Amino acid sequence: QKEVEQDPGPLSVPEGAIVSLNCTYSNSAFQYFMWYRQYSRKGPELLMYTYSSGNKEDGRFTAQVDKSSKYISLFIRDSQPSDSATYLCAMMSGASYDKVIFGPGTSLSVIP
Amino acid sequence: GAVVSQHPSWVICKSGTSVKIECRSLDFQATTMFWYRQFPKQSLMLMATSNEGSKATYEQGVEKDKFLINHASLTLSTLTVTSAHPEDSSFYICSAGRGEKLFFGSGTQLSVL
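Chain order of the listed sequences is A and B.
In terms of our numbering, the first sequence opens at residue 1 and continues consecutively.
In terms of our numbering, the second sequence opens at residue 113 and continues consecutively.
The hints are simulated quantities; they were obtained by calculation from the structure and are not laboratory data.
Some hints could be false.
As the list claims (entries may be wrong) - Cβ pair distances, simulated, as ranges: (1) A/A29 x B/S117: 29 to 35 Å; (2) A/P14 x B/D177: 48 to 54 Å; (3) A/P81 x B/G128: 41 to 47 Å; (4) B/P152 x A/E15: 25 to 31 Å; (5) A/S53 x B/G165: 36 to 42 Å.
Model, not experiment: these values are computed from the prediction.
C-beta: ideal position from N, C-alpha, C; glycine also.
If we strip away everything but chain A, and leave its shape as in the complex, we get:
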């Protein structure tokens, strides 16, 4: 079993839809959870950062962490064509960046 699993998609939604992106993980020691957005041939851009369990909202983005289920989600409301990108989840147990584990990424297309 991989440490972090993420459906690679591709996921295609109409503009304005609510998008749900998810990752599951196996290491119960993970405490820090991140979501990155990566456009083609660009570096990943940090979207959301969450420590431990709970929800965090920032504009159209909401990140949820359920440590009991080892499951994290990113919701995008009112999706826009500019949201079309690959979304990577990432997590680590301590603030040791060399131990960050990345999901394979989900490719999202928002159709106008």
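Fit chain B to the known structure of chain A by using the hints.
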């Protein structure tokens, strides 16, 4: 705005030449930076950890003589791909931690002819 700056964004070189990629932390000091490699439609693969003032730490399977890393200051790390070959063609990305968050550079697409 950008927290980590990476240059160049694109480089094409002939087989056998060396290529240097720069990674700079902006407005903060980074004693540690990280270098990744990414193949199309795949996730990030950590290559090495760049340590300011000391030797880099390489991940298993990464040739340290092929991928030279220098972290001479608290804001600059460089990755040199020596004697590049077509199989070294890839997307290279650097990152640095600031607080508890990890920020990435914009990436460098290397094409070796």
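Hint compliance check: list the failing hint numbers for this structure, sorted ascending. Per hint list: zero violations.
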